[in-house]
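Novice: One-letter residues, chain by chain:
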Amino acid sequence: MRRFTLIAVPYLWLLALFLVPFVIVLKISLSDVAVARPPYAPHFDWATGIWAFLSELDFENFTWLTEDDLYWKAYLSSLKIAFVSTVLTLLVGYPMAYAMARAPQEWRATLMMLVILPFWTSFLIRVYAWMGILSNEGFLNQFLMWTGMISEPLTILNTNAAVYIGIVYTYLPFMILPIYAALERLDESLIEAAEDLGCSRFTAFWLVTIPLSKTGIVAGSFLVFIPVLGEFVIPSLLGGSDTLMIGKVLWEEFFSNRDWPVASAVAVVLLLILIIPIVLFQRNQQKQQEAEQ
Amino acid sequence: MTIPVFEPWNDPEAKPLIQFQNVTKRFGEFTAIDDLTIGIYEKEFFALLGPSGCGKTTMMRMLAGFETPTKGSIYLAGQDMAPVPPNKRATNMMFQSYALFPHLSIWENIAFGLKREGMPKNEINDRVEEMLRLTRLDKFARRKPHQISGGQRQRVALARSLAKHPKLLLLDEPLGALDKKLRQDTQFELMDIQEKTGTTFVIVTHDQEEAMTVASRVAVMDHGKIIQVATPDRIYETPNSVYVADFIGEVNIIDGLATPNGEDSYAIAWKDGQAPLNVKSPNKFSDGQKCHLAIRPEKVTINAEKPTGVDNVVEGKILDIAYLGNISTYHVELPSGVVIKAQAANTRRISRRAFTWEDTVWLSWTATAGVLLAD
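Chains as they are written, first to last, in the working numbering: chain A, 1258 to 1550; chain B, 49 to 423.
Be a bit skeptical, because a hint or two may be false.
For lysine-lysine, the following DSS-like pairs were computed, each having C-alpha atoms within a straight-line distance of at most 25 angstroms [unchecked claim]:
(1) 192/B with 1544/A
(2) 163/B with 1471/A
(3) 347/B with 328/B
Covered stretches of chain A (in silico footprint by chain B; criterion: 3 or more residues with CB under 8 angstroms from a CB of chain B, positions within the stretch not fixed) [stated by the list, open to error]:
(4) 1434–1447
(5) 1452–1460
Bear in mind the hints are in silico, worked out from the structure with no lab data behind them.
Ideal Cβ placement from N, Cα and C applies to all residues, glycine included.
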């Protein structure tokens, strides 16, 4: 009985805070826009009954998503930005995680603290801080002009480059921590064994360290890729008008156009796209657990 | 027909395969190896024996190339090894933790070193099959290391380190993780494989029985120095110091003062009121020099009646009996309070044992039974 209660709590939580809202969003996505409050129709009415209500729902909004090329371009562009950011975060995060795992034992806790430290300030404030750094009169340009490396300020803010900088900065800890966990467990004698059997430092790294930290790399990549795909704050604050991301489109449909049904359809499709990496992520975690047994 | 005796260390012509020349290794303030010079010969099974922290593992890691000497040089087949990185050395190591690659199958683990050499594929196949047969692992080739038992993992580690035909195989506490029975079987297997392949083995162990079983020569180490290097029987029978005598097997140490009373013969005054002990010793002692008589329990005879015509005899009372099945060790307390251990084979059933607790007995041993050691 106690076990049942323990299991029931997370399921109830999921039901109340994910499944029910999702069903509501799904229902809105199948509705039509209406000048009303809330701005969609039909509404469920006990008098006409459930069948009359259901018969008024249709897939019109989803068809619309395929007709206007804004949407699929936004999805594709989001996938591209998420993919590139994941690769960039991996390239920056792996060496950091490696250095942390190789650092003397007594430093590791401090280094870990430094990685987590940014979470102590609001995410929004940190993104605004990047605006201050990257703008034309920002710290970065001032510094570069002071050193004499450039004579004209670089335009970074409101470009895709600024979006990548912001994403890599924000999501770096999610990449570092799982890789660090995998590397820290790595037995040093495996590297020595590889060298003993004729590997150079680099081949030992490539043939032993990388494969054995694979689960960490995969976990970190999904932890970055999944949220970045739907990212809204970073592209809207740091990106320019040409930065097309589905999170931004969603926001505009919802708040500027007040087209709740289309916005909901965008959200449902985004969720369907996200299911694929989430399932892959789950499978990676499972494989890791099996390997540890 | 005489079997040629394998003892290159007695042959002045023989060149050692490995030569440590005044090697010192320091880690900060700590001296792990202290001015050590020794030669290890080809086809030897050489054991480094000592308590943990005595420097034996450091010696092995210097041979593998994971540590470099602070001072002195190490030669392998006449070549100075200092500038050679581990991956370019003709040595392979079997790690204490086995260090098998968990993401590779047994087959791929064994082939790992061969692939790095760039050996042709069919030759790799043949060599891996050969190693699998040698270590009786044919059936497990496709499994991953976590899917086989500890004893099998140990054999994979051995096969992997032997696959590249190393000139020198280093074994770091290879049997530490196995239980006693399996360890004994594996010891003989190791000797067998060493003989078959003709590879020089250097084994690090803290288990003296293991060292004695497998090795052609044993080096007993303490605090970064080699105290004695000799064949197992000489280490046991003629230890050169109280430390070695005490470290290897059980021993009675009797402290006393030597008085020469003939050629190679001494009278040892050891306790007031006890007759001096008669000892023959090739080691020279001056009159009144402090000395230690080391005598193995199995060389002390235990008698119910006072024996006559023996070199040494003392009377005592049985304090304790350690029954080990095949033999028993009797702890006999002398009137002076000294406890001497005597061992006797249990040739009779235990119910008919000749001695029991509190019995008065006589211990006797010959003048040559013990070894007389200087301070």
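Novice: Against each hint, give a clear statement of whether it holds in the structure.
Specialist: Each hint, compared with the structure:
1. 192/B with 1544/A: Holds - the C-alpha atoms of residue 1544/A and residue 192/B are around 14 angstroms apart, at most 25 angstroms.
2. 163/B with 1471/A: Roughly 22 angstroms separates the two Cα atoms, so the pair holds.
3. 347/B with 328/B: Given pair residue 347/B, residue 328/B holds - Cα atoms ~15 angstroms apart, limit 25 angstroms.
4. 1434–1447: holds (count 3)
5. 1452–1460: Holds, because 7 residues of the segment 1452–1460 of chain A bring their Cβ atoms closer than 8 angstroms to Cβ atoms of chain B.
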